[in-house]
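Can you build the whole structure from these sequences, using the hints too?
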Amino acid sequence: MKRDHYLCLSRYIGDSKVVRWEGPRFTEVQTLPSRGSMVMEPFQISQQLYMALGSDFSFTHIYLWDEEKQKFVKFQELSVQAPRAFQPIPLEAMSILLAPSFKGNTLVYKHIVVDLSL
Numbered sequence: 001m002k003r004d005h006y007l008c009l010s011r012y013i014g015d016s017k018v019v020r021w022e023g024p025r026f027t028e029v030q031t032l033p034s035r036g037s038m039v040m041e042p043f044q045i046s047q048q049l050y051m052a053l054g055s056d057f058s059f060t061h062i063y064l065w066d067e068e069k070q071k072f073v074k075f076q077e078l079s080v081q082a083p084r085a086f087q088p089i090p091l092e093a094m095s096i097l098l099a100p101s102f103k104g105n106t107l108v109y110k111h112i113v114v115d116l117s118l
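Counting from 1, one number per residue, gives the positions in the sequence shown under full-length UniProt numbering.
Hints are supplied without guarantee of correctness; some may be wrong.
[Claimed, not checked] Taking lysine to any residue pairs in the SDA-like style, the calculated list, with each CA pair at most 25 Å apart, reads: (1) K103 <-> Y12; (2) K71 <-> M38; (3) K69 <-> Q44; (4) K71 <-> Q47; (5) K110 <-> I62; (6) K74 <-> L7; (7) K103 <-> E77; (8) K71 <-> Q87; (9) K110 <-> E41; (10) K69 <-> S10; (11) K17 <-> F102; (12) K74 <-> S10; (13) K17 <-> K69; (14) K110 <-> S46; (15) K74 <-> Q47; (16) K71 <-> T31; (17) K74 <-> L9; (18) K103 <-> R11; (19) K71 <-> R35; (20) K74 <-> T31; (21) K71 <-> R3; (22) K74 <-> V29; (23) K103 <-> I13; (24) K71 <-> P33; (25) K69 <-> V29.
Everything labelled a hint here was simulated from the structure, so no lab data went into it.
See below:
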């Protein structure tokens, strides 16, 4: 994904899409169910590429880019009411993700890496 150009297209009714620039046009890489989606935001924390897909009607879905599959895979759900943006903030010893809400409070999530190899 490092040299390619991608675009995330959010749709309120229907499926949202991830497309890749290939020469003279964009081609579809992936579709994601997204009823009520008002925001689809890619972001990077450390070396990991994520994408948040927020909805007015359900949980926000966080996807993680799978380099081998060349697409986003479902990673986690967040309970954010009607999110309108996602903004990662790198701090000295950690990273946080801000999630402003249309219907509720702005939420702050701390990025935590859990080693499951044990």
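Hints and how they fare:
For the given pair, K103 sits about 17 Å from Y12 by alpha-carbon distance, which is consistent with the 25 Å threshold. Restraint check for K71 and M38: the C-alpha separation of about 21 Å stays at or below 25 Å, so the hint holds. About 18 Å separates the Cα atoms of K69 and Q44, which keeps this hinted pair within 25 Å; it holds. For the given pair, K71 sits about 16 Å from Q47 by alpha-carbon distance, which is consistent with the 25 Å threshold.
With a CA separation close to 14 Å, the supplied pair K110 and I62 stays within the 25 Å bound. A C-alpha spacing of about 18 Å is found between K74 and L7, which places the hinted pair at or below 25 Å, so the restraint holds. Distance restraint check for K103 and E77: the Cα-Cα separation of roughly 18 Å lies within the 25 Å cut-off, and the hinted pair is therefore satisfied. Of the supplied pair hints, the one linking K71 and Q87 holds, its CA atoms being roughly 21 Å apart against a limit of 25 Å.
Taken as a hint, the K110 and E41 pair is honoured in the structure, with Cα atoms around 17 Å apart against an allowance of 25 Å. As the CA atoms of K69 and S10 are separated by approximately 21 Å, the hinted pair is consistent with the 25 Å bound. For a cut-off of 25 Å, the pair hint linking K17 to F102 stands: about 23 Å separates their Cα positions. At most 25 Å may separate the alpha-carbon atoms for a hinted pair to count; K74 and S10 meet this at roughly 16 Å.
Between the alpha carbons of K17 and K69 the distance comes to roughly 16 Å, so the proposed pair stays at or under 25 Å and holds. Taking the CA atoms of K110 and S46, the gap is near 13 Å; set against the 25 Å cutoff, the hint holds. With a C-alpha separation of about 17 Å, the suggested pair K74 and Q47 falls inside the 25 Å cut-off, and the hint holds. Of the pairs offered as hints, the one joining K71 and T31 holds, with about 10 Å between alpha carbons and a cut-off of 25 Å not exceeded.
The suggested pairing of K74 with L9 holds, with an alpha-carbon distance near 17 Å, which does not exceed 25 Å. In summary, the hint linking K103 to R11 is supported, as the alpha carbons are separated by about 19 Å, within the 25 Å threshold. Between the alpha carbons of K71 and R35 the distance comes to roughly 20 Å, so the proposed pair stays at or under 25 Å and holds. Of the supplied pair hints, the one linking K74 and T31 holds, its CA atoms being roughly 12 Å apart against a limit of 25 Å.
For the hint linking K71 to R3, the alpha-carbon distance of about 15 Å falls within 25 Å, and the restraint holds. Taking the CA atoms of K74 and V29, the gap is near 15 Å; set against the 25 Å cutoff, the hint holds. Taking the CA atoms of K103 and I13, the gap is near 19 Å; set against the 25 Å cutoff, the hint holds. Restraint check: the Cα-Cα separation between K71 and P33 comes to about 14 Å, which is no more than 25 Å; the hinted pair holds.
Of the supplied pair hints, the one linking K69 and V29 holds, its CA atoms being roughly 11 Å apart against a limit of 25 Å.
Going down the numbered hints, you'll see the structure goes against none, and every one checks out.
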